[in-house]
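Modelling step: build the complete structure from the supplied sequences, incorporating the hints.
For the record, in the sequence shown the residue sitting at position 497 is 497 according to the working numbering, with numbers rising by one throughout.
It cannot be assumed that every hint is accurate.
What the hints assert, rightly or not - Here are the computed distance ranges between Cβ atoms for each label pair: (1) Q304 - A171: 31 to 39 angstroms; (2) T24 - T488: 23 to 31 angstroms; (3) P177 - K473: 40 to 48 angstroms; (4) G452 - P491: 19 to 27 angstroms; (5) G415 - R248: 35 to 43 angstroms; (6) D272 - G384: 25 to 33 angstroms; (7) K225 - G384: 42 to 50 angstroms; (8) G200 - F247: 30 to 38 angstroms; (9) L60 - S416: 36 to 44 angstroms.
Hints in this document: simulated from the structure, not taken from any laboratory.
Predicted model only: the values in this text are computed from it and were never measured.
The beta-carbon is built from N, C-alpha and C at its ideal position, and this holds for glycine as well.
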Amino acid sequence: MKRSLLLLCFGIAGLCGGQAQAQTYRDRLPEDEVIYFVLPDRFENGDTTNDKGGLKGDRLATGFDPTHKGFFHGGDLKGLIKRLDYIQGLGATAVWVAPIFQNKPVQGPPGQESAAYHGYWITDFTRVDSHLGSNADFKALVDAVHARGMKFYMDIVVNHTADVLYPAECAGQGQCPYRSIADYPYQRRGGIAGAAINSGFDGINFDALKDPNYAYTVQVKPAEKDIKVPAWLNDPIYYHNRGDTTFRGESSQMGDFVGLDDVFTEHPRVIDGMIEIYGAWIDKYGVDGFRIDTAQHVNPEFWQKFVPAMLERAKARGIPNFHIFGEVATSEMDPAHTAVNTRVDRLPSVLDFPFARAVVDTVAGKAGTDELARLFRGDALYEGGPSAALQLPTFLGNHDAGRFPMLLKMFGYQGSDDELLKRSMLGHAMLLTLRGVPTIYSGDEQGFVGKGGDQDARQDLFASKVTTYNEGKLLGTAATTAQVNFNTDHPIYREIATLSRIRTSNAALTRGLQTIRYAQEKPGLFAVSRFDPATGREMLLLFNTSNEPVEQNVRVETRSAEFETLAGTCAPKASAPGSVRVTLPALGYAVCNAR
Numbered sequence: 001m002k003r004s005l006l007l008l009c010f011g012i013a014g015l016c017g018g019q020a021q022a023q024t025y026r027d028r029l030p031e032d033e034v035i036y037f038v039l040p041d042r043f044e045n046g047d048t049t050n051d052k053g054g055l056k057g058d059r060l061a062t063g064f065d066p067t068h069k070g071f072f073h074g075g076d077l078k079g080l081i082k083r084l085d086y087i088q089g090l091g092a093t094a095v096w097v098a099p100i101f102q103n104k105p106v107q108g109p110p111g112q113e114s115a116a117y118h119g120y121w122i123t124d125f126t127r128v129d130s131h132l133g134s135n136a137d138f139k140a141l142v143d144a145v146h147a148r149g150m151k152f153y154m155d156i157v158v159n160h161t162a163d164v165l166y167p168a169e170c171a172g173q174g175q176c177p178y179r180s181i182a183d184y185p186y187q188r189r190g191g192i193a194g195a196a197i198n199s200g201f202d203g204i205n206f207d208a209l210k211d212p213n214y215a216y217t218v219q220v221k222p223a224e225k226d227i228k229v230p231a232w233l234n235d236p237i238y239y240h241n242r243g244d245t246t247f248r249g250e251s252s253q254m255g256d257f258v259g260l261d262d263v264f265t266e267h268p269r270v271i272d273g274m275i276e277i278y279g280a281w282i283d284k285y286g287v288d289g290f291r292i293d294t295a296q297h298v299n300p301e302f303w304q305k306f307v308p309a310m311l312e313r314a315k316a317r318g319i320p321n322f323h324i325f326g327e328v329a330t331s332e333m334d335p336a337h338t339a340v341n342t343r344v345d346r347l348p349s350v351l352d353f354p355f356a357r358a359v360v361d362t363v364a365g366k367a368g369t370d371e372l373a374r375l376f377r378g379d380a381l382y383e384g385g386p387s388a389a390l391q392l393p394t395f396l397g398n399h400d401a402g403r404f405p406m407l408l409k410m411f412g413y414q415g416s417d418d419e420l421l422k423r424s425m426l427g428h429a430m431l432l433t434l435r436g437v438p439t440i441y442s443g444d445e446q447g448f449v450g451k452g453g454d455q456d457a458r459q460d461l462f463a464s465k466v467t468t469y470n471e472g473k474l475l476g477t478a479a480t481t482a483q484v485n486f487n488t489d490h491p492i493y494r495e496i497a498t499l500s501r502i503r504t505s506n507a508a509l510t511r512g513l514q515t516i517r518y519a520q521e522k523p524g525l526f527a528v529s530r531f532d533p534a535t536g537r538e539m540l541l542l543f544n545t546s547n548e549p550v551e552q553n554v555r556v557e558t559r560s561a562e563f564e565t566l567a568g569t570c571a572p573k574a575s576a577p578g579s580v581r582v583t584l585p586a587l588g589y590a591v592c593n594a595r
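Following this line, the structure appears as structure tokens:
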């Protein structure tokens, strides 16, 4: 049996033999995957010659300063290729990489500059950032991922570009207040009493929108007037130009995200242009899905046209299960906030921020396990209901909000590092067995903690030179980020690898709907059953979020008479038809396969 087929048998829902199996990675459904998310600049440096992106000068010119948490450190696409064994060894079946497009190297007012190592300040949507490599390197990476039977997800941005345009009225002032349509209509220059412009524009006939200076006087530095690619992106008419968003009301979709040029996504030229930009990446490289940055800050009508176009391009390229999931960020345990974007915007899926909050709350010991029950009760809100919820990428922490152990501390956990490690293990057990598509943030498997969100949660896996990273303690190891951290013997790495393979070898844990069996209003037992969609066989998942052992009768299917232990410790037999006696240690968990 060829290596690729061996990987396939082990890496998709269901064991080989007995059932009709998917023939290639293309045939797997989105819920069959375990995703590994990478910021390439912080992962591995495979080519030191591109550290400065071919630019000359100090860090404000090149963006490169490996001693500063806000600048490029040297990681690149060749480094990712070098470490694919490590990623696949973790049990990941899909790789999601932060935006790889050419960025404006440095932005920010004097004294507050930082670099675009994260990839979200795009100037050229058609080529790879020179700090990360070349388009040929990107093709080599995608091909190498596919050769292993894994999928590759691109991180894309539609909402904004790099900060190139600036309002003359705000020059040198930093933030620029949002100016609403009511106070600054498109048909007047600079306010209600201003000169008439854009005669006949009613929000639909964009041929009448000629002048972008309705709210502010839009300017651009001469050296940057042609910096964006494709060239149409250099025209100010294709941006909202209304000042900075407050993340509320009208400004949420029309304001500049921290000063970044907010694209006028209502404009037909923008819709067609973005479809062509991202369709070309599908056509040329055969990527398997898109994570969409800042999706909730784009008008629904854009997504209603963009998403079907991308799915059609993917289908034509031989990619039937192209996975599109939007970032709809929230800090609340509020499924309605994320679900609305699947119903109104018609996004196929969204990152499950409410899941992250519910797991943080419960694993920190500050909420009862009934919060998890309330989370999953909200699955009916998503377009397609609980079946669609299977495709929601779930996560514990990320590169914006912070890593899971730090979030546990922020939300009230005050115990020892040894206990924090156990709680991290418990959280990962929930992530890898409950419904959704588990997404591992690179470094979590090495016990990275960090000191907060954003730049403080973006540590290097190769040996770091950032003092604030290196002085932090890691979980489960005596190592620090000053050392190379690709340790496949790290206890969290080993536990994730084990649970990932349990998940991908059992259809109940990938495609199975779930039923809540037990939850309570305080820390303690949370019990869930998931069911193999082909056989109906039950998988019982058990979690104890308390510092005390638990013992409890839990309802199961009457046909579930015996239980095979896949993780933790399971009762070998049901106590009676429809009931099993559950015993879990403090902060313990178990995966029990019924017979």
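Status of the hints after comparison with the structure:
1. Q304 - A171: 31 to 39 angstroms: Once the Cβ atoms are compared, 37 angstroms apart, the range 31 to 39 angstroms for A171 and Q304 holds.
2. T24 - T488: 23 to 31 angstroms: At roughly 27 angstroms between Cβ atoms, T488 and T24 fall inside 23 to 31 angstroms, so the hint holds.
3. P177 - K473: 40 to 48 angstroms: Holds, at about 42 angstroms.
4. G452 - P491: 19 to 27 angstroms: Holds, at about 24 angstroms.
5. G415 - R248: 35 to 43 angstroms: 37 angstroms, holds
6. D272 - G384: 25 to 33 angstroms: 28 angstroms, holds
7. K225 - G384: 42 to 50 angstroms: 45 angstroms, holds
8. G200 - F247: 30 to 38 angstroms: 32 angstroms, holds
9. L60 - S416: 36 to 44 angstroms: 43 angstroms, holds
The structure is consistent with each of the numbered hints, conforming to all of them.
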